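A.B. asks: So you can see what is in the structure, the chains are spelled out below.
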Amino acid sequence: MASLTAEALGARRVRRGLATVVVAALVLAGCAGPGTATTPTPSATSAASTGGGASAGPSASATATGPSCGTDPVELNAYFETGFELPFKLSEEFTKQYPNVTWKISQDQFTNLMTATPRLLSGDNPPDLIRLPSMVSLVKDGLLKNLDEYVTAFGWDKFPAAQLAQNRVGTDGTRGAGSLYAAGLNYSLTGVFYSKKLAQQIGMTAAPATVAEFEDLLKKAKDAGLVPIMAWNATASGGGLAFPLQNLMAAYGPTGPINDWIFQKQAATIDTPTNLTAAQHLQQWVQAGYFPKDVNAIEYTDANARFGTGEGVFMFNGDWQNAAYDKDQPQGVGFFVFPSAEAGGKVAAMSAPLTYGIAAKAKNADCAAFFLNWVATNAKAREIDVAVGGSNPGGPPDLPVPPAAAGSVTNETLSAGAQVSKDDGAMDFIANATGSIFAQGWTPELQKLVGGKQDAAGLLKAVQAQYEKELAR
Amino acid sequence: MTHARLARPGRLDRRRTAWLAAVRRRHVVGWLFVLPALLFYAAFVLQPLALTVQYSFYRWDGVGPATWVGLRNYAAVLSEPKLVETLFNAFRLVIFFSLIPVGLGLVTASVIQRVARGRLGTVSRTVLFLPQVIPLVAAGIIWGRLLSLPGLVNQTLAAVGLEDVTRAWLGDFDTALPAVGIIGIWVLLGFCTVLLLTGMTKIDSALYESARLDGAGWWPEFRAITVPSLRHEIAVCLTVTIIAALAAFDIVYVATGGGPGNATAVPGIQIYILAFLERQVGLASALAVVLVLLVLLVILPLQRISRGDD
Amino acid sequence: MQVGRGELIAGRTLLLALMAITVLPFISLLTTALHPSGSAPAGISWPADPQWGNFVEAFKVANMATLLGSSLWIVIAVVPVALLIATMAGFAIGLLRIPGARWLLLLFVFGLTLPFEGIITPLYFLARQIGILNTRLAIVLPLIGLFMPFGVFWMRAHFANLPNEITEAARVDGASTWDLFWRIHVPLARAPMASLGILMSIWAWNQFLLALVLVEDPTQRTMAGALGAFQGHYATDIPLLCAGTILILLPTLAVFVLFQRQVIAALLQGSVKG
Numbered sequence: 000m001a002s003l004t005a006e007a008l009g010a011r012r013v014r015r016g017l018a019t020v021v022v023a024a025l026v027l028a029g030c031a032g033p034g035t036a037t038t039p040t041p042s043a044t045s046a047a048s049t050g051g052g053a054s055a056g057p058s059a060s061a062t063a064t065g066p067s068c069g070t071d072p073v074e075l076n077a078y079f080e081t082g083f084e085l086p087f088k089l090s091e092e093f094t095k096q097y098p099n100v101t102w103k104i105s106q107d108q109f110t111n112l113m114t115a116t117p118r119l120l121s122g123d124n125p126p127d128l129i130r131l132p133s134m135v136s137l138v139k140d141g142l143l144k145n146l147d148e149y150v151t152a153f154g155w156d157k158f159p160a161a162q163l164a165q166n167r168v169g170t171d172g173t174r175g176a177g178s179l180y181a182a183g184l185n186y187s188l189t190g191v192f193y194s195k196k197l198a199q200q201i202g203m204t205a206a207p208a209t210v211a212e213f214e215d216l217l218k219k220a221k222d223a224g225l226v227p228i229m230a231w232n233a234t235a236s237g238g239g240l241a242f243p244l245q246n247l248m249a250a251y252g253p254t255g256p257i258n259d260w261i262f263q264k265q266a267a268t269i270d271t272p273t274n275l276t277a278a279q280h281l282q283q284w285v286q287a288g289y290f291p292k293d294v295n296a297i298e299y300t301d302a303n304a305r306f307g308t309g310e311g312v313f314m315f316n317g318d319w320q321n322a323a324y325d326k327d328q329p330q331g332v333g334f335f336v337f338p339s340a341e342a343g344g345k346v347a348a349m350s351a352p353l354t355y356g357i358a359a360k361a362k363n364a365d366c367a368a369f370f371l372n373w374v375a376t377n378a379k380a381r382e383i384d385v386a387v388g389g390s391n392p393g394g395p396p397d398l399p400v401p402p403a404a405a406g407s408v409t410n411e412t413l414s415a416g417a418q419v420s421k422d423d424g425a426m427d428f429i430a431n432a433t434g435s436i437f438a439q440g441w442t443p444e445l446q447k448l449v450g451g452k453q454d455a456a457g458l459l460k461a462v463q464a465q466y467e468k469e470l471a472r
Numbered sequence: 000m001t002h003a004r005l006a007r008p009g010r011l012d013r014r015r016t017a018w019l020a021a022v023r024r025r026h027v028v029g030w031l032f033v034l035p036a037l038l039f040y041a042a043f044v045l046q047p048l049a050l051t052v053q054y055s056f057y058r059w060d061g062v063g064p065a066t067w068v069g070l071r072n073y074a075a076v077l078s079e080p081k082l083v084e085t086l087f088n089a090f091r092l093v094i095f096f097s098l099i100p101v102g103l104g105l106v107t108a109s110v111i112q113r114v115a116r117g118r119l120g121t122v123s124r125t126v127l128f129l130p131q132v133i134p135l136v137a138a139g140i141i142w143g144r145l146l147s148l149p150g151l152v153n154q155t156l157a158a159v160g161l162e163d164v165t166r167a168w169l170g171d172f173d174t175a176l177p178a179v180g181i182i183g184i185w186v187l188l189g190f191c192t193v194l195l196l197t198g199m200t201k202i203d204s205a206l207y208e209s210a211r212l213d214g215a216g217w218w219p220e221f222r223a224i225t226v227p228s229l230r231h232e233i234a235v236c237l238t239v240t241i242i243a244a245l246a247a248f249d250i251v252y253v254a255t256g257g258g259p260g261n262a263t264a265v266p267g268i269q270i271y272i273l274a275f276l277e278r279q280v281g282l283a284s285a286l287a288v289v290l291v292l293l294v295l296l297v298i299l300p301l302q303r304i305s306r307g308d309d
Numbered sequence: 000m001q002v003g004r005g006e007l008i009a010g011r012t013l014l015l016a017l018m019a020i021t022v023l024p025f026i027s028l029l030t031t032a033l034h035p036s037g038s039a040p041a042g043i044s045w046p047a048d049p050q051w052g053n054f055v056e057a058f059k060v061a062n063m064a065t066l067l068g069s070s071l072w073i074v075i076a077v078v079p080v081a082l083l084i085a086t087m088a089g090f091a092i093g094l095l096r097i098p099g100a101r102w103l104l105l106l107f108v109f110g111l112t113l114p115f116e117g118i119i120t121p122l123y124f125l126a127r128q129i130g131i132l133n134t135r136l137a138i139v140l141p142l143i144g145l146f147m148p149f150g151v152f153w154m155r156a157h158f159a160n161l162p163n164e165i166t167e168a169a170r171v172d173g174a175s176t177w178d179l180f181w182r183i184h185v186p187l188a189r190a191p192m193a194s195l196g197i198l199m200s201i202w203a204w205n206q207f208l209l210a211l212v213l214v215e216d217p218t219q220r221t222m223a224g225a226l227g228a229f230q231g232h233y234a235t236d237i238p239l240l241c242a243g244t245i246l247i248l249l250p251t252l253a254v255f256v257l258f259q260r261q262v263i264a265a266l267l268q269g270s271v272k273g
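Residue numbers (numbering that gives the first Met the number 0), protein chains in the order written: chain Y, 0 to 472; chain E, 0 to 309; chain W, 0 to 273.
Bound-form chain Y, shown alone (with noise of 0.2 angstroms):
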């Protein structure tokens, strides 16, 4: 039901593959907040064609004879996905710096855009620029244009190798290496988000630093008589509490086996001793009334409502919401990164850029992966990132990261981000390993488990049965 669903707004962003490297190679790199450059990557010091550091601008167009957007009028088709402002407000700043380019810009929400992509891609009047939704079977169907002459010509070869390996197909139809099919215009994470008025209230000082510490903390609140975890779980936004379950996955047991069931690695299965731990754990939460009531009908739009308002001590969430938890809660939202099962351990995120691509017919190819450069190198651009988006803009290792507006959660992401990276803890989404295995399995299988037509085990199983049908067919 992802296409009624897939509002998973949540889901979307953690959406394309990060390899696991990737964030750690990106966070470090570019992460290390502002004003350090801190990561030795000799190749990466200067990018010629980027025009370096600091000064990336529209003289770095001029650099290069490579692709640009030229000096003719260009008008840029693109389709960009409903509510959010970030490709809106860069796309406003490029025509600015580049007065020849407008745009023609069509949106709709996540839900339709991931059923329209292979029809416009294949259409008569092909995108320059897609937000993807998914990109193994556009790929090879042949519709999404290989980026690889741009990774040349602008020299994204620089970048921080794990930054694109997200975007990269294998001719065999793997994530992870092989040619390059699509840029992010920034890179996401997920964790907890608090409410510093609430957890004050049940008496959090510091962020938990295990499970049972955090399982301590949501009785406390559920005593408190207050809404422990806001949460969505409603089929048009698709499961929500696939984000706490497959924290608890990282929790109890190593990212490695979640990654490859997620690139549909040989004989991978989700069904595995430590994610029944975890999904135990969760349908405990649900039965010890952690979550709403109501959380099967909640939208991913009301849940954040909901918090804004005070609803909820905790919710699991991306950084792609830190302007609206800005706006709705000023200063009063915290964030910390889901801990590990033992004090000490490991502690690992779902991360993912937010994927563009280029339709393979597109009439301004060119000028569409020049904006795609320019988002990641230019100064501006990289600060609309931050303060728009709320998430890490890549790009070259040696650019910082501006800084994020003081007293915003955005800054506390950001670290988060850079211990994720030290931890290696980098995941792609559970939600992304097939098609529809968030709308065909997760979704309705987290549905029942709230409802109490499935347990623990009968989850995975169930998903797992979903994913083997998928890949069989």
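These are computed hints drawn from the structure, not numbers from a lab.
Note that the coordinates shown come from a computational prediction; the quantities given were computed from them, not determined experimentally.
One or more hints might be untrue.
[To be verified] Subject to a maximum C-alpha distance of 25 angstroms in a straight line, what follows is the list of computed SDA-like cross-link-like pairs (lysine to any residue):
#  : chain 1 : residue 1 : chain 2 : residue 2
1  : Y       : LYS460    : E       : PHE172
2  : E       : LYS201    : E       : VAL122
3  : Y       : LYS103    : W       : GLY68
4  : Y       : LYS221    : E       : ALA157
5  : Y       : LYS468    : E       : LEU86
6  : Y       : LYS292    : W       : ILE43
7  : Y       : LYS195    : Y       : THR170
8  : E       : LYS81     : Y       : GLY451
9  : Y       : LYS452    : Y       : GLU341
10 : Y       : LYS103    : W       : LEU71
11 : W       : LYS59     : Y       : GLU92
12 : Y       : LYS139    : W       : GLN128
13 : Y       : LYS292    : E       : GLU162
14 : Y       : LYS88     : W       : THR218
15 : Y       : LYS452    : E       : VAL122
Given the coordinates of chain Y, work out where chains E and W should sit on it, guided by the hints.
C.D. replies: Coordinates of chains E and W only, in the frame set by chain Y:
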């Protein structure tokens, strides 16, 4: 209409030949009148229908090459629990979209007929009919709010002391389908009422008068005269509402998207998902063919009943 | 007709209750729409300070002017054509009684039972093939086809019930078939044609599935199709969503209230004669 075929020109006098020619010409012209409608109908209804049947024998993702799979898609539609469930859900919706509106519509119409022949009747006709003219999507949105946990329905229940039964009606496994059904009742009750009322005005009032003389009350009269006399209208009502139930899409799409689990998944939703999300065009088409056949299977006997006493 | 006092009270109470249940959702929609934008009102409550400006705001943010234009475009492209060719076909089948009329009628009536979902998938691929996908034509052309079963059926019923004298008189005067149709019968059929036209307009306006599948850009869709997108976009702002919903409902409600008699008559007679 068979003159043309019987005609043997050599034997007929000139006048008759001319007359026949005129008739034939008129027939040709007549067909020209039908042609535009027929062309549109053939191009955008009959042709796609034939294509649906054709697709249903293939495995096809809508982009790449298609593979012939014979009846395998049909086997899947009739055996995969997820797909069979949609057919069951469709029939459960018939209760709400069809049986209840028709039953309640009969009662309402007869009440209007008996106690509200004046302005109240006119006003109630109009008011009850209102939901029929708004987009079903809007009905879904409106009721989605009403049936939510903080919505009006629960507010009302809490106010009369039924706090315990409050819930997210569309998110609960046991109540989601009936809740969707209630939206259907709201939309279709007015249609049924007004249609049946129109039929009632045609019933010979002598029938009622003689019943009154025998001292019959509302119920005997309703059972012995009203319902039997309205056989045709009832059959029509059932036909229209059953099609609405089996082919439900808009309301379900907006209100639940088929969830929770597959509790409200109906064929229309599943066809949309299979064809445009999962890109299993063949399977979607097989389900579509099954749906079309089911509708015909249910509707055709009803037409018999309706024609039977004409 | 004599009715007891008890029955009178019980009956009228039932009617009033049903009317209340029918109307309450609309009232709830209105009161919610009047709450401050961004708030989350529950149930029915009249806001302390009704925000009539929400309608203006919704009109602006939802790009309502464009949407209205788009829907109107679709209605204007569909209804006159569909009306004319359905009337012509109804005339030929019901009045000229051309050979095969019975079969033709059956063929069209079959379409009345056909769920749109039964043909939506091929319609998508057909639209892509002839290059009208994502344009309003992708809604307009199939819609004309899909209106034919009811349209032909409805107009045939009118023509089949006309007394023969009119036609014969005209024939004697030497009128051609076209003259007969255009000069004599179309003016006589004004009433059923008007009803059919109104119905088709409402149906086009409310069409959701075709818009959802065949046109990606919400501003190129019908009102109902756009409403789906509007819901996704403004789901966070419930009062604004409700204000937008009302704006989208208003035209059909207005048409209904203005042309009640025709609408009801058309819907009912159309189906009864089925």
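A.B. asks: Work down the list of hints and note, for each, if the structure agrees.
C.D. replies: So, going through the hints one by one against the coordinates:
1. Restraint check for LYS460 of chain Y and PHE172 of chain E: satisfied, since their Cα atoms lie roughly 21 angstroms apart, inside the 25 angstroms limit.
2. Using a Cα cut-off of 25 angstroms, the hinted pair LYS201 of chain E and VAL122 of chain E holds, with the two alpha carbons roughly 20 angstroms apart.
3. With a C-alpha separation of about 19 angstroms, the suggested pair LYS103 of chain Y and GLY68 of chain W falls inside the 25 angstroms cut-off, and the hint holds.
4. For the hint pairing LYS221 of chain Y with ALA157 of chain E, the CA-to-CA distance comes to about 23 angstroms; that is within 25 angstroms, so the pair holds.
5. Between LYS468 of chain Y and LEU86 of chain E, the direct Cα distance comes to roughly 21 angstroms. Compliance with the 25 angstroms bound is thereby established for this hinted pair.
6. Pair hint LYS292 of chain Y plus ILE43 of chain W holds up; C-alpha atoms about 22 angstroms apart against a cutoff of 25 angstroms.
7. The hinted pair formed by LYS195 of chain Y and THR170 of chain Y fails the criterion: a straight-line CA distance of about 48 angstroms is larger than 25 angstroms.
8. A distance of roughly 19 angstroms separates the Cα atoms of LYS81 of chain E and GLY451 of chain Y; the hinted pair therefore holds under the 25 angstroms criterion.
9. Proposed proximity of LYS452 of chain Y and GLU341 of chain Y is contradicted: the alpha carbons are some 31 angstroms apart, above 25 angstroms.
10. For the suggested pair LYS103 of chain Y and LEU71 of chain W, the alpha carbons sit about 23 angstroms apart, so the restraint of at most 25 angstroms is met.
11. A threshold of 25 angstroms between alpha carbons decides the hint, and for LYS59 of chain W with GLU92 of chain Y the separation of about 23 angstroms falls inside it, so the pair holds.
12. For a cut-off of 25 angstroms, the pair hint linking LYS139 of chain Y to GLN128 of chain W stands: about 21 angstroms separates their Cα positions.
13. At roughly 14 angstroms between alpha-carbon atoms, LYS292 of chain Y and GLU162 of chain E fall within 25 angstroms of each other, so this suggested pair holds.
14. A distance of roughly 21 angstroms separates the Cα atoms of LYS88 of chain Y and THR218 of chain W; the hinted pair therefore holds under the 25 angstroms criterion.
15. At roughly 46 angstroms between alpha-carbon atoms, LYS452 of chain Y and VAL122 of chain E are farther apart than 25 angstroms, so this suggested pair is violated.
Going down the numbered hints, you'll see the structure goes against 7, 9 and 15, while the others check out.
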